[in-house]
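Asks: Here is how the chains run, residue by residue.
Protein chains: 2
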Amino acid sequence: MRAVQRSAHEEKAVQHAISVDLSAVVVAVTKDEPKVLAIRNNDIDALPSGPLEPQHRTLESGLRVWVETQTRQVLGYVEQLYTFGDSGRSLAAGTNARVLSIGYLALVPEAQPAGTANAEWRNWYRYFPWEDWRDDRPPILDRIAAGLKEWCATAPTPAQRKLRDARVRMTFGTRKTPWNDEPVLERYELLYEAGLVPEAQRDGRHASVAGFVVEGEPMLADHRRILATAIARLRGKIKYRPVVFELMPETFPLLHLQRTVEALAGVRVHKPNFRRLVEGQGLVEDTGGVTTETGGRPARLVRFRSEVLLEGTTTGFRLPVARK
Amino acid sequence: MRAVQRSAHEEKAVQHAISVDLSAVVVAVTKDEPKVLAIRNNDIDALPSGPLEPQHRTLESGLRVWVETQTRQVLGYVEQLYTFGDSGRSLAAGTNARVLSIGYLALVPEAQPAGTANAEWRNWYRYFPWEDWRDDRPPILDRIAAGLKEWCATAPTPAQRKLRDARVRMTFGTRKTPWNDEPVLERYELLYEAGLVPEAQRDGRHASVAGFVVEGEPMLADHRRILATAIARLRGKIKYRPVVFELMPETFPLLHLQRTVEALAGVRVHKPNFRRLVEGQGLVEDTGGVTTETGGRPARLVRFRSEVLLEGTTTGFRLPVARK
DNA sequence: GGGCTTATTCTCAAGGCTAGAATAACGCCA
DNA sequence: TGGCGTTATTCTAGCCTTGAGAATAAGCCC
Chain A
1 MRAVQRSAHE EKAVQHAISV DLSAVVVAVT KDEPKVLAIR NNDIDALPSG PLEPQHRTLE
61 SGLRVWVETQ TRQVLGYVEQ LYTFGDSGRS LAAGTNARVL SIGYLALVPE AQPAGTANAE
121 WRNWYRYFPW EDWRDDRPPI LDRIAAGLKE WCATAPTPAQ RKLRDARVRM TFGTRKTPWN
181 DEPVLERYEL LYEAGLVPEA QRDGRHASVA GFVVEGEPML ADHRRILATA IARLRGKIKY
241 RPVVFELMPE TFPLLHLQRT VEALAGVRVH KPNFRRLVEG QGLVEDTGGV TTETGGRPAR
301 LVRFRSEVLL EGTTTGFRLP VARK
Chain B
1 MRAVQRSAHE EKAVQHAISV DLSAVVVAVT KDEPKVLAIR NNDIDALPSG PLEPQHRTLE
61 SGLRVWVETQ TRQVLGYVEQ LYTFGDSGRS LAAGTNARVL SIGYLALVPE AQPAGTANAE
121 WRNWYRYFPW EDWRDDRPPI LDRIAAGLKE WCATAPTPAQ RKLRDARVRM TFGTRKTPWN
181 DEPVLERYEL LYEAGLVPEA QRDGRHASVA GFVVEGEPML ADHRRILATA IARLRGKIKY
241 RPVVFELMPE TFPLLHLQRT VEALAGVRVH KPNFRRLVEG QGLVEDTGGV TTETGGRPAR
301 LVRFRSEVLL EGTTTGFRLP VARK
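Just so you know, the protein sequences line up as chains A and B, in that order. When the letters of the first sequence are read in order and numbered with our numbering, they come out as residues 1 to 324. When the letters of the second sequence are read in order and numbered with our numbering, they come out as residues 1 to 324.
Just so you know, these hints were derived from the structure itself, not from any lab. There's no promise every hint is true.
The list treats identical chains as one, so a pair stands whether inside a single copy or across any two.
[Stated by the list, open to error] Result set (DSS-like, lysine-lysine): computed pairs, CA atoms no more than 30 angstroms apart in a straight line:
| # | residue 1 | residue 2 |
| --- | --- | --- |
| 1 | Lys162 | Lys239 |
| 2 | Lys176 | Lys239 |
| 3 | Lys271 | Lys176 |
| 4 | Lys271 | Lys31 |
Kindly produce the complete structure, drawing on both the sequences and the hints.
Replies: Have a look at this one:
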C-alpha cells in the first residue's frame with residue numbers, strides 16, 4: 001500500500017511542478033546596528049534567494065551558492081528557519097505553480113562592504129521600526145496602536161473581538177506590561193492581518209480597516225515575513241546559545257559584546273549584570289590587550305572561549321534587561 | 001535581473017521534478033507512556049505521510065488530510081518541525097528524483113484505538129530506548145558507550161578524535177554530568193554517523209566500526225530522524241509553553257500531569273516542586289471534583305486555565321528534575 | 001484501629017538576579 | 001599638575017527562585 005502511494009506520488013509530481021526557493025537572512029552587526037544583506041531592485045528590497053537545483057547536494061549548500069553568487073558574501077553559521085508554502089502568499093500573483101520557500105538564517109562576523117552592485121547591508125529596523133526599543137518606546141507604536149484598535153473594533157463577533165484584543169495585548173503588550181522582544185513574527189502577522197502593512201494590500205487579502213498602513217519598508221514577496229522569523233529566532237537563541245560570537249571580531253571589549261546583543265534584542269541591558277553573566281559562564285577569556293578606542297578608562301580585550309562549544313554546559317545568557 | 005532568475009527557475013522546475021513529502025509525528029500520552037502513531041508495513045514502521053498536492057491550500061492542511069485518510073485521526077495542535085532535503089538520505093535509494101520531506105509535530109489528547117488496520121499507537125521509546133531515564137539509566141547505554149568509544153578511537157586524525165570525544169560527551173554526557181533530555185536528535189545523528197543504527201547501513205554511507213548496531217527499532221526512510229526531531233522539540237517546548245495540556249483530558253489530577261511531563265521528558269521530576277510551579281503560574285484551576293482512582297488519598301481534579309493562552313505571561317515551567 | 005498509599009503543605013538553606021553604589025583608569029584642559 | 005568627564009570594573013544588600021526533604025492529611029484494606 002505504501003508502495004502504491006509512492007508511485008501515485010511520482011506521477012503527480014511530474015504533472016504539477018513544485019519549485020523551491022531558498023532564501024537567506026544574512027545578519028551582521030556593524031557599529032552597534034543590526035544589518036541584513038538585501039538585494040535592491042526596482043525600489044523594493046529582496047533577500048538573497050534562488051531556486052533549489054538538482055546539482056545542489058543539500059538544501060544548505062544550495063543556499064550558500066546562491067548567496068555567494070548574488071552577494072559575494074561567504075557564509076559561516078547557517079540555520080534553517082521555516083518552510084513557507086501558502087499558495088497565494090509566497091509568490092508574486094499570476095503564476096499558478098506552487099512555490100515553497102525555505103528560509104535560512106546566516107550570521108557573519110562583520111558587514112564588509114557589499115561585493116556586488118545591488119547587494120547592500122541595511123539596518124533591519126528600517127523594515128521593523130517598532131522593534132527598536134533601545135532608546136525608549138518607538139513613537140510609531142502610537143500609530144500602530146490606533147490602527148490595531150480599529151481592527152479590534154471591527155471584529156465581526158464579540159468573541160472574535162475578544163480574541164483580537166488578546167492577540168494585540170500579547171504581542172504588543174500594554175502600557176503596563178514590559179515589552180517582550182521575542183514575538184517579532186507574531187507582531188508582523190498581526191499587522192498583516194489588520195491590513196496595516198503594504199504586503200497585505202498587495203496580496204489582496206486583507207485591506208486596512210484603519211485607512212492607512214504603518215511605516216516600515218516592505219519587501220518582495222514574503223521576504224519581510226522571513227526576516228521577521230529570523231529576528232525572532234535570533235532573539236530567542238542568543239538567550240540560550242552563544243551564537244552572538246558568530247557576529248563578533250576575534251577580540252573585543254565587553255561593552256562591544258553588550259551593544260551587539262542590544263542591537264539584536266532591541267532593548268538595553270544592565271551593564272554590570274551583563275558582564276557578570278558573561279564572565280561567570282566562562283564564555284570569554286582575557287587576551288591581555290586593552291583598547292582606548294572606547295574613550296574613558298581603557299577596556300580589556302577579550303576573546304570567545306570556543307572551548308565552551310565542546311563543553312556542553314552552555315546555557316547561554318538570559319538578558320538582564322535594564323528597567324530604565 | 002531578478003525576473004530573469006525567476007524564469008530560469010520555472011524552466012528548471014519543469015525539467016527536474018521535485019516532490020515534497022509531508023510527514024507527521026502524532027503524539028499522545030496514554031497510561032503514562034508517550035505514544036506515536038505509526039503505519040506498520042512489511043515489518044518496518046513509518047510515519048503517516050503523503051505528498052504535497054496542488055489542491056492543498058497550505059502545507060499544514062495537506063498534512064491533516066493525509067493523516068486523517070491514513071489513520072482516521074483528526075489532528076488538533078500542529079507545528080512544523082523541519083524540512084529535510086539531503087539527496088540520498090531521505091529516499092529509498094534508486095530513484096533519482098529529489099524528495100524533500102517536511103516534518104510536523106502534532107499533539108492529540110488521548111490515544112484512541114487506531115482507526116485503520118495498519119495504523120497503531122506505539123511507545124516512542126521502542127525507537128529510542130536510550131532516551132527513557134524514568135527508572136534510572138537505561139542499561140543499553142553501556143553498549144552505546146562501547147560503540148561510540150570505538151568510533152572515537154578510529155578517527156582519522158587526533159583533531160577529529162578530539163572533536164568526536166567532545167560530541168559524545170556533549171550529547172550522551174558522562175557518568176558525572178547529569179543527563180540532558182533535549183539533544184535527542186544530536187544523539188541519533190551521532191549513532192547514525194557512527195554506523196550504530198541500521199538506517200546508516202541501509203543508506204550505505206556509514207558502516208559500523210564497532211561491528212554491531214544498537215537496539216531500537218528502525219523506521220522507513222528518514223522517519224526516525226524526524227521522530228527524533230519531534231521528541232527534541234517537544235521536550236524543549238514543554239519547558240516554556242503550556243503545550244502539555246494538548247495531551248491531557250478535560251480534567252485530571254496533578255500527578256497525571258506530572259507523569260505526562262515525565263513520559264515526554266524521559267526523566268522524573270520532584271513532586272512538590274512541580275506542583276508549586278504549575279499552581280504558582282496559574283496554569284490550572286480547581287474543578288471541585290476529586291478522584292479516588294489514584295489510590296491513597298483522593299486527588300483534586302483540576303483543569304487547564306485556557307485563559308493563560310491569552311495572557312501572554314506564559315513562561316511555561318522548567319522541569320524541577322528529581323536528582324534521586 | 002493500624003498500616004499502606006498517595007495528596008498536599010511547609011520550611012529552610014543555597015543560589016541567582018536586580019539595582020544601584022562605589023571605585024579605577026584614562027584623556028583633556030585649564 | 002589637578003580637576004573633570006568618560007567609560008571600565010567591582011561590590012553589595014535585598015529580593016526572589018529553586019532544590020530537597022520533612023511533616024501532615026485523607027482515603028483504602030485488613
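Asks: Indicate which option fits the pair lysine 271, lysine 176 if close means a Cα-Cα distance not exceeding 30 angstroms: within, between, both or neither.
Replies: Within one copy, since 24 angstroms is at most 30 angstroms while 34 angstroms is not.
Asks: If the cutoff is 30 angstroms on CA atoms, where do lysine 176 and lysine 239 land: within, between, both or neither? Let me know, please.
Replies: Classified as both; 24 angstroms inside a copy, 26 angstroms across copies.
Asks: For lysine 271 vs lysine 31, is the C-alpha pair at or below 30 angstroms within one copy, between two copies, both, or neither?
Replies: Cα proximity of lysine 271 and lysine 31: one copy only (18 angstroms, versus 49 angstroms across).
Asks: Within a copy, between copies, both or neither: where do lysine 162 and lysine 239 come within 30 angstroms Cα-Cα?
Replies: between (32 angstroms within a copy, 28 angstroms between copies)
Hint check: no violations occur; every hint is consistent with the structure.
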